[in-house]
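Kindly generate the complete structure, drawing on both the sequences and the hints.
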Amino acid sequence: MDEGARTLRHACRSLDEFVQGLAEGESVSGMSPADAVWVKGSHHRHRAARSRLWAWAGWNTQLTLGNILDHVQAIQRTLVGEPVAIWSLVSLSRVVQEGAIRVCHLYEGGIGPEQRAVRIAAAWLNGAQQHQVAAKDVGAQAFPGADKIWEYAGRTVQRAGMSIGLNKKGRPSSALLGSVQEPFAVSLTNLAAKRPTHLPAWYRISSAASHSSVWMVAQAFAADEDDEPVMRADPEIVTASVLAVLGAFEDLVETLGTYHGTDPHQALLTVRRRTVAVLDRQRTWRHRAQEDARLLHGNDHL
6 MDEGARTLRH ACRSLDEFVQ GLAEGESVSG MSPADAVWVK GSHHRHRAAR SRLWAWAGWN
66 TQLTLGNILD HVQAIQRTLV GEPVAIWSLV SLSRVVQEGA IRVCHLYEGG IGPEQRAVRI
126 AAAWLNGAQQ HQVAAKDVGA QAFPGADKIW EYAGRTVQRA GMSIGLNKKG RPSSALLGSV
186 QEPFAVSLTN LAAKRPTHLP AWYRISSAAS HSSVWMVAQA FAADEDDEPV MRADPEIVTA
246 SVLAVLGAFE DLVETLGTYH GTDPHQALLT VRRRTVAVLD RQRTWRHRAQ EDARLLHGND
306 HL
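In the numbering used here, the protein residues as written are 6 to 307.
Some clues are possibly wrong.
Claimed, not checked - As a list, the in silico DSS-like pairs of lysine-lysine whose alpha-carbon atoms are at most 30 angstroms apart:
| no. | residue 1 | residue 2 |
| --- | --- | --- |
| 1 | K199 | K173 |
| 2 | K153 | K45 |
| 3 | K174 | K153 |
| 4 | K153 | K199 |
| 5 | K173 | K141 |
| 6 | K173 | K153 |
| 7 | K141 | K153 |
Keep in mind that the hints were calculated from the coordinates and are not lab data.
Right, dumping it as structure tokens:
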């Protein structure tokens with residue numbers, strides 16, 4: 006458990022240093038050279054608003070990375086606690102995964118500046134729309150300015166030469182620029198399945214833990230000395246949670262490094278070496294557990 010916490014602590018430091026290095030090397034605010042050329046070549050009526058889209062994407066990414074690191078720090082504290090919690094650990098790793106997937110979706114390689122601009126616009130509008138819903142449900146005093154935030158985002162998107170598409174109920178649901186369209190809401194499950202360092206199965210498992218699905222949570226219950234139900238930490242699940250975080254970090258490093266034109270190779274090697282070390286420790290633990298079981302119960306119980 007302590008080794009897992011140490012691994013994540015070092016991984017957080019490495020990711021933070023890598024991201025800081027990207028910020029220092031940027032020649033144009035938050036944009037890749039190709040995106041910057043596209044914005045610069047836009048009609049003068051759209052240029053400022055399109056630059057604003059990338060500024061929002063950078064701000065959103067900064068907030069998301071902060072949230073990711075905050076949750077990884079919580080995982081570290083959980084791993085060195087007594088007793089070690091189990092499902093909270095899984096749920097925390099899910100937040101890390103989701104944040105990484107959202108950031109990497111915006112900066113995904115292989116898409117052109119036009120599609121990226123529409124994707125950023127859709128993400129911005131989606132967040133502003135959710136802000137409005139929260140203000141309505143919880144109260145405007147808790148989420149002030151929600152309508153103004155939506156109006157500003159919508160105005161910026163339209164000044165960027167885009168339009169806002171409506172769903173069958175007449176509600177805003179997508180951003181459009183010519184034939185390019187991106188929905189506000191995206192399926193994180195589907196996105197996770199497409200990203201090589203994220204395990205779709207773990208994303209579903211973490212969802213079940215976060216929503217207290219009985220079929221999942223029941224697997225961690227055991228009885229203590231007084232025959233009372235207690236939660237028992239499973240080293241296999243602890244390892245999987247740590248690997249989920251490292252996979253998210255690998256995705257962030259590769260995606261952001263490639264987008265900003267910084268070779269991510271060395272940083273990727275660092276993450277992958279830590280991943281291999283975690284797997285080696287898990288194999289060692291599993292072997293020792295099997296040996297202990299053999300000595301205690303004999304071969305019939307293996």
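Consistency of the hints with the structure:
At roughly 28 angstroms between alpha-carbon atoms, K199 and K173 fall within 30 angstroms of each other, so this suggested pair holds. With a C-alpha separation of about 28 angstroms, the suggested pair K153 and K45 falls inside the 30 angstroms cut-off, and the hint holds. Simply put, K174 and K153 have alpha-carbon atoms about 23 angstroms apart, close enough for the 30 angstroms limit, and the pair holds. This hinted pair does not check out: K153 and K199 have alpha carbons roughly 35 angstroms apart, beyond 30 angstroms.
A C-alpha spacing of about 22 angstroms is found between K173 and K141, which places the hinted pair at or below 30 angstroms, so the restraint holds. For the hint linking K173 to K153, the alpha-carbon distance of about 25 angstroms falls within 30 angstroms, and the restraint holds. Distance check on the hinted pair: K141 and K153 sit about 14 angstroms apart at the alpha-carbon level, within 30 angstroms; holds.
Of the hints listed earlier, the one the structure fails to meet is number 4.
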